[in-house]
Structure formats: C-alpha cells, structure tokens
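Number of protein chains: 2
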Amino acid sequence: MPQPAKHAELDHPTLDVLAQRWSPYVFNPRPVEEEKLKSCLEAARWAASSYNEQPWTFLVARREEPEEFAEMLGFLVEANQAWAKNAGVLLLTVVCRTFQRNNKPNRVAEHDVGLAAGNFTVQATALGLAVHQMAGVELAKAKAAYQIPDTHDPYTGIALGYAGDPALAEEQKLGERDQSPRPRKPLSEIVFQGRWGATAKWLS
Amino acid sequence: MPQPAKHAELDHPTLDVLAQRWSPYVFNPRPVEEEKLKSCLEAARWAASSYNEQPWTFLVARREEPEEFAEMLGFLVEANQAWAKNAGVLLLTVVCRTFQRNNKPNRVAEHDVGLAAGNFTVQATALGLAVHQMAGVELAKAKAAYQIPDTHDPYTGIALGYAGDPALAEEQKLGERDQSPRPRKPLSEIVFQGRWGATAKWLS
Numbered sequence: 009m010p011q012p013a014k015h016a017e018l019d020h021p022t023l024d025v026l027a028q029r030w031s032p033y034v035f036n037p038r039p040v041e042e043e044k045l046k047s048c049l050e051a052a053r054w055a056a057s058s059y060n061e062q063p064w065t066f067l068v069a070r071r072e073e074p075e076e077f078a079e080m081l082g083f084l085v086e087a088n089q090a091w092a093k094n095a096g097v098l099l100l101t102v103v104c105r106t107f108q109r110n111n112k113p114n115r116v117a118e119h120d121v122g123l124a125a126g127n128f129t130v131q132a133t134a135l136g137l138a139v140h141q142m143a144g145v146e147l148a149k150a151k152a153a154y155q156i157p158d159t160h161d162p163y164t165g166i167a168l169g170y171a172g173d174p175a176l177a178e179e180q181k182l183g184e185r186d187q188s189p190r191p192r193k194p195l196s197e198i199v200f201q202g203r204w205g206a207t208a209k210w211l212s
Numbered sequence: 009m010p011q012p013a014k015h016a017e018l019d020h021p022t023l024d025v026l027a028q029r030w031s032p033y034v035f036n037p038r039p040v041e042e043e044k045l046k047s048c049l050e051a052a053r054w055a056a057s058s059y060n061e062q063p064w065t066f067l068v069a070r071r072e073e074p075e076e077f078a079e080m081l082g083f084l085v086e087a088n089q090a091w092a093k094n095a096g097v098l099l100l101t102v103v104c105r106t107f108q109r110n111n112k113p114n115r116v117a118e119h120d121v122g123l124a125a126g127n128f129t130v131q132a133t134a135l136g137l138a139v140h141q142m143a144g145v146e147l148a149k150a151k152a153a154y155q156i157p158d159t160h161d162p163y164t165g166i167a168l169g170y171a172g173d174p175a176l177a178e179e180q181k182l183g184e185r186d187q188s189p190r191p192r193k194p195l196s197e198i199v200f201q202g203r204w205g206a207t208a209k210w211l212s
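Protein chains in written order, with my numbering: chain A, 9 to 212; chain B, 9 to 212.
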C-alpha cells in the first residue's frame with residue numbers, strides 16, 4: 009500500500025520516529041493488532057508525571073467491537089467522525105485534575121496526559137501505525153454515557169490505525185489535507201534566551 | 009561513568025527509548041552539547057497540536073552562561089533547586105492558552121505543551137541525556153523577570169543534562185531516590201472498555 013510521505017522538514021536531526029509522525033485524515037479501515045495496541049498503551053503508562061500521579065485513563069473502542077466503536081465515534085464532533093470512522097481504534101483520554109493522595113488541584117494534569125499521549129504516539133509510529141488526536145469531543149455526553157465519576161473528566165480523542173492512501177479518500181478535501189505541507193514556526197520564534205523575544209545566541 | 013539503571017519493568021514491549029526514560033535527581037554538572045540541545049528543541053517543534061497552533065515557547069538557560077543559569081535556577085522552588093543546579097540546561101516552558109488566529113480559549117494548550125515536552129524528552133533520551141520536568145516553578149516571578157507578555161504564561165520547568173552517579177549525590181536522599189523502583193499502575197487500572205471501570209477484554 010502506498011504510504012503518504014509527510015516527514016518533517018528538519019532543521020536539526022531527530023529520531024526518525026519523531027520526524028515521521030504526522031496526523032492523517034485518511035485511514036485504511038483495518039483493525040489494529042492487539043499486541044500493537046497493548047504496546048502503545050504500555051508506552052503511555054510509563055510517561056513521566058508530577059509526583060508520579062499518572063492522571064491518565066484511556067477508554068478504548070476497537071473496530072472489532074462494532075457497537076462500542078460506533079458509540080465512541082458518536083461522541084466525536086461531526087467533522088472528526090467523517091474521517092475517524094476509518095480508524096482501527098478510537099480512544100478517549102480521561103484526566104484527573106486533583107491529586108488522589110490529598111485532593112489538591114494538579115496544575116499540570118492535562119500536560120501530563122499530553123506526555124502519556126505523546127508516548128502512545130511515538131510507540132504507535134514505531135509500529136507503523138498513525139495517530140490523530142482530537143480536541144473535538146462531546147465531553148458531557150461521553151462523561152454520562154461512560155459513567156465517568158465526578159473526580160475525572162473526559163478530555164481528548166485519539167484515532168489509532170493505519171494511514172490510508174490519500175488518493176482513495178472518500179472526501180477529496182481529506183486526501184488533499186494529507187498531501188499538504190507540514191508548516192512549523194522556526195526555532196527562532198519559539199526558543200528564547202535571557203528574556204522573552206530574545207533569540208538564543210547559539211541558535212543562529 | 010556508571011549509569012544508574014532505572015529501566016521500566018515492561019508488561020508489553022515498547023521502544024527502548026521509552027523504557028529507558030526516567031527523571032533523575034542526580035545530575036553530572038556537565039554542559040550539554042549545542043547540537044544535542046538543538047535536536048531536543050527540534051523534536052519539540054514537530055509535536056502535534058490542535059489546529060497546528062504550536063502553543064509552546066521555551067526559555068533556555070545553559071550552564072555556559074552562568075548568570076542566566078543562576079537566574080532561572082532561582083525561579084524554581086527550593087526543593088528543585090537542590091538538584092536542578094547540576095543540570096546542563098534549564099528550560100522554562102511557556103504556554104499560550106488562546107488561539108492566535110481568533111483569540112478563543114485553546115482547551116488543550118497545556119496538553120499540547122506536554123506533547124512537545126514529551127518529544128523533547130524522547131529525543132534527549134535517545135542522545136544519552138536525561139530530562140526531569142518540574143511543576144515547582146515560581147511562575148509570577150519568572151513571568152515578570154522574563155517580560156513574558158499577557159498573552160502567554162510560564163508553565164513548567166525542565167532540567168536537561170547527564171544523569172550522575174547516585175553514589176556521588178551531595179544529598180544522600182537524592183541518590184536513594186534515583187535507586188528506588190519506578191512504580192506504575194497496571195494497565196488494568198488505566199484502560200477501560202465500554203464504560204468506566206470495566207477492564208478491557210483483550211487486556212487479560
């Protein structure tokens with residue numbers, strides 16, 4: 009199967025697994041092997057977190073369980089449903105915004121869910137899978153349907169699967185998005201030294 | 009130099025670079041090579057983000073600039089200063105919680121800074137470096153000193169450097185922490201299927 013090439017245009021060398029990661033809109037509706045899914049979740053499990061709180065939980069719906077998959081798909085906003093329906097696995101991340109040991113607010117809980125989702129994504133990429141994360145989730149509906157307790161909140165969606173051929177996209181605009189460039193701000197705009205706005209001397 | 013072994017005890021296979029990552033308290037006060045620092049920041053740059061907003065900025069202070077290093081160290085809480093002073097590089101992440109194109113709140117801005125910090129950490133680990141992230145930062149002081157604009161907020165600290173020998177720790181308790189086990193919740197507690205609390209069938 010032809011794989012769309014969306015490698016990062018690097019200014020400095022990085023691991024291939026980081027440069028090759030991107031978020032496809034076109035998925036091949038193919039199940040994800042159980043062992044691969046477990047490895048992605050295991051990678052998430054070992055992320056760092058403040059006070060080792062591990063404020064992340066994952067609700068998982070696989071293509072192999074069509075009713076569960078359809079239910080979770082229904083909690084995504086419509087624009088996401090249009091392409092996420094072809095993912096092999098859908099996941100909903102759940103965040104706990106208070107420390108379990110003392111009930112105090114965890115200022116970095118969402119950040120730490122990001123660390124776990126990042127590990128998940130690196131592992132997936134290494135296994136030939138693709139990940140497309142989503143903020144567009146009907147949070148209140150999902151919270152009620154999955155009986156998520158008051159201490160926790162649904163937070164983001166994750167589509168995991170095999171990237172598809174953009175030429176075979178059901179909607180042409182999705183295929184086009186998967187062939188467009190991947191813009192990023194240059195390091196000189198996001199790395200400062202000494203004070204805000206001052207380009208780091210060693211960067212130039 | 010003897011490297012402390014703090015590999016994850018994996019239940020499912022992952023990339024070595026994910027299993028080998030941990031957050032040391034004992035650093036060897038050795039500078040970080042400029043090219044390695046650039047690669048870590050480049051990795052952060054290519055993280056995913058909602059609407060490709062890239063809501064992250066990094067303020068960087070290297071050992072090679074002792075005054076800048078001391079200034080940033082002073083914005084960490086005292087417990088972090090005790091060990092972070094031996095890092096090769098200190099960084100402060102800065103988050104933009106509104107979308108630049110329409111000024112609306114970005115619900116996942118902190119999560120996406122986590123994705124960038126995660127990429128940074130993976131790249132660092134691959135280069136033989138260690139990363140210890142910190143929530144304990146004097147945010148208001150740092151915001152004023154670095155002249156961070158109202159649109160942005162300092163968020164977390166990052167210590168980057170070479171892990172040191174725990175036996176040579178200045179404070180014994182820090183060396184002990186670096187030799188203690190790395191506990192994690194089992195996947196059965198953080199991965200659910202169908203509804204909250206229901207262990208995924210394919211996990212057992």
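Any given hint might turn out to be false.
No copy is singled out in the list; a pair is fine if it fits within one copy or between any two copies.
Derived lysine-lysine pairs resembling DSS-like cross-links, with alpha carbons at most 25 Å apart [as the list claims (entries may be wrong)]:
1) K112 with K193
2) K193 with K209
3) K209 with K14
4) K181 with K151
These aren't lab readings, by the way, just hints derived from the structure by calculation.
Hint check:
no. : hint           : verdict
1   : K112 with K193 : between (36 Å within a copy, 20 Å between copies)
2   : K193 with K209 : within (18 Å within a copy, 43 Å between copies)
3   : K209 with K14  : neither (31 Å within a copy, 35 Å between copies)
4   : K181 with K151 : neither (32 Å within a copy, 42 Å between copies)
Comparing the model with each numbered hint stated earlier shows that hints 3, 4 do not hold.
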